[in-house]
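Number of protein chains: 2
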Amino acid sequence: MKLLPYSFRWLSVVVVFVALPAQAQHTQTYTYPSSEVVTIHSKLLKEERKIYVHCPKVDSADVNKRFPVVYVMDGDNHFALLAQYVDYLSRPDVSAMPKTIVIGIPNTKRTRDLTPTNSLLNYEGKPDSSSYQGSGGNENFLQFMATELIPMIDKNYKTRPYKIFAGHSFGGLSSLNCLLTHPDLFDAYIAISPSLWWDKEYLLKMTDETLKTGSALNKAFFFSDGNEGRANSFFHKDLVTLEATLAKKKLKGLDYRYKHYPTETHMTEPVVAYFDALRFIFKDWEKHR
Amino acid sequence: MKLLPYSFRWLSVVVVFVALPAQAQHTQTYTYPSSEVVTIHSKLLKEERKIYVHCPKVDSADVNKRFPVVYVMDGDNHFALLAQYVDYLSRPDVSAMPKTIVIGIPNTKRTRDLTPTNSLLNYEGKPDSSSYQGSGGNENFLQFMATELIPMIDKNYKTRPYKIFAGHSFGGLSSLNCLLTHPDLFDAYIAISPSLWWDKEYLLKMTDETLKTGSALNKAFFFSDGNEGRANSFFHKDLVTLEATLAKKKLKGLDYRYKHYPTETHMTEPVVAYFDALRFIFKDWEKHR
Chain F
4 MKLLPYSFRW LSVVVVFVAL PAQAQHTQTY TYPSSEVVTI HSKLLKEERK IYVHCPKVDS
64 ADVNKRFPVV YVMDGDNHFA LLAQYVDYLS RPDVSAMPKT IVIGIPNTKR TRDLTPTNSL
124 LNYEGKPDSS SYQGSGGNEN FLQFMATELI PMIDKNYKTR PYKIFAGHSF GGLSSLNCLL
184 THPDLFDAYI AISPSLWWDK EYLLKMTDET LKTGSALNKA FFFSDGNEGR ANSFFHKDLV
244 TLEATLAKKK LKGLDYRYKH YPTETHMTEP VVAYFDALRF IFKDWEKHR
Chain U
4 MKLLPYSFRW LSVVVVFVAL PAQAQHTQTY TYPSSEVVTI HSKLLKEERK IYVHCPKVDS
64 ADVNKRFPVV YVMDGDNHFA LLAQYVDYLS RPDVSAMPKT IVIGIPNTKR TRDLTPTNSL
124 LNYEGKPDSS SYQGSGGNEN FLQFMATELI PMIDKNYKTR PYKIFAGHSF GGLSSLNCLL
184 THPDLFDAYI AISPSLWWDK EYLLKMTDET LKTGSALNKA FFFSDGNEGR ANSFFHKDLV
244 TLEATLAKKK LKGLDYRYKH YPTETHMTEP VVAYFDALRF IFKDWEKHR
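Protein chains in written order, with the numbering used here: chain F, 4 to 292; chain U, 4 to 292.
Treat the hints as calculated values from the structure; they're not laboratory data.
Be careful, since some hints might not be right.
Output of the computed footprint for chain F on chain U, the stretches with three or more beta carbons under 8 Å from beta carbons of chain F [stated by the list, open to error]:
1. 29-36
2. 95-106
3. 249-256
4. 273-284
Quantities reported herein were computed from a predicted structural model and do not represent experimental measurements.
Where a beta carbon is used, it is the ideal one built from N, C-alpha and C, also for glycine.
With the hints as constraints, model all of the structure from the sequences given.
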């Protein structure tokens, strides 16, 4: 391969040098706050699961402190975002929430783990056996969290008994399912654009049937949607119905907020909604501490 | 030191084991997207400056692509946040903005670099020589950016000629100062809670004097404030005045948005405002690409 006459070959050397980052400067790696990946074997899910763990940086004054925990679904999408939010918002000069541990759960079989019923119906109510085969394992997944994951985290990290369930889309569906079926597992629930359309609005009906008017449910609950299907879509109507159902039930102690983001898409919305959710859950933190 | 009888000493060994993260699991380090720290010597600032650089992850299809650049002030506060936002918002399944390089500039002498005039007056208009000694070096700092930093970045990284100036507080003041005095240096300007109170509203007056009614200024400009000093404070009034001044000037091509966040503090606001600023600047990106 004689593409260049010999006398011009020095040119390629020069080009390589120019393309290297930093000329005559000293370059180091930028250090992000450290997080780790723990692999555990789940007997219930019959598989190895990777779990992302981010602990607050502790100084000598914090050595004996224990921290609340946020468990976030779709770990590969939103774990690093939440880790960044809690680190920043808990800085002494920001002081909007306590230092918090973040646990991210990346998916293996997302539809299996994050849907409450076995259904093959898609967003439009039509059968889609290729996408939704094997759906309906959320109860088993919540049992995995309750009996395997949370005990492991509580045993190995400096947790205190305040836990938040954070989920988006099917993860938001799981958050509401957990609030309805195992409310005592967590103290606060975040459901960002929950897929309430799932299985002919199964969870929306269950919300109405499960929650008894005037009963006690001492939890914080943030839920939201973006512009999915635009303003008059059934996606948005389902969220409006969820809010109306909660209002109608007059539950004792349920501190909830519904926020609609008409300019955000299904995928951009979590960035702002997770921030607003943390601000909502910890709105009274500064005055109480 | 004989605190425990010998037969109980095994206890302390057990405690140490239990406190270690992860029992019978495999633990690895979580990998954040890589960023680097470049140290350059500035002749203008007469000092070594650390610069944080975050480049998009490129796959084989992107190998020859070049990227816009966001320059963010107060690098230790907001570089990692912006790096996270651009990585997430430019993912193929989110697709809200192009892949973008983020440059973070941590401070050495913040007041010197980020204030436009030499003034000792504090927020309340009273002299504070201890805090503001040496203020007024922003013009020299902008020259450092124009003649030393930006050329170095353009030489060493795959930039394309679209640049964003992102600043908060004194950094927001610098952003507006740059827009008024060197508008062609950047294509878009973000001023989150700019300290317009600086030196008896120096920049607010300069905005009115510098911008000629009906003149052309083809830039994007996002500015915002939180609840600084509450609703009727002069901090908020200064922002309202800035918006009124821009409206009055009827500038050709200036695409600006002012957003007020009454529930956010001076330090929580940047988290949501930087997100909104990127969404504003790239609002037409999806349809144009």
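Results of checking the hints against the structure:
1. 29-36: The restraint on the segment 29-36 of chain U holds, since 6 of its residues have a Cβ under 8 Å from chain F and three suffice.
2. 95-106: holds (count 4)
3. 249-256: Check failed, 0 qualifying residues.
4. 273-284: holds (count 5)
Violated hints amount to a single one, hint 3; each of the other numbered hints is respected by the structure.
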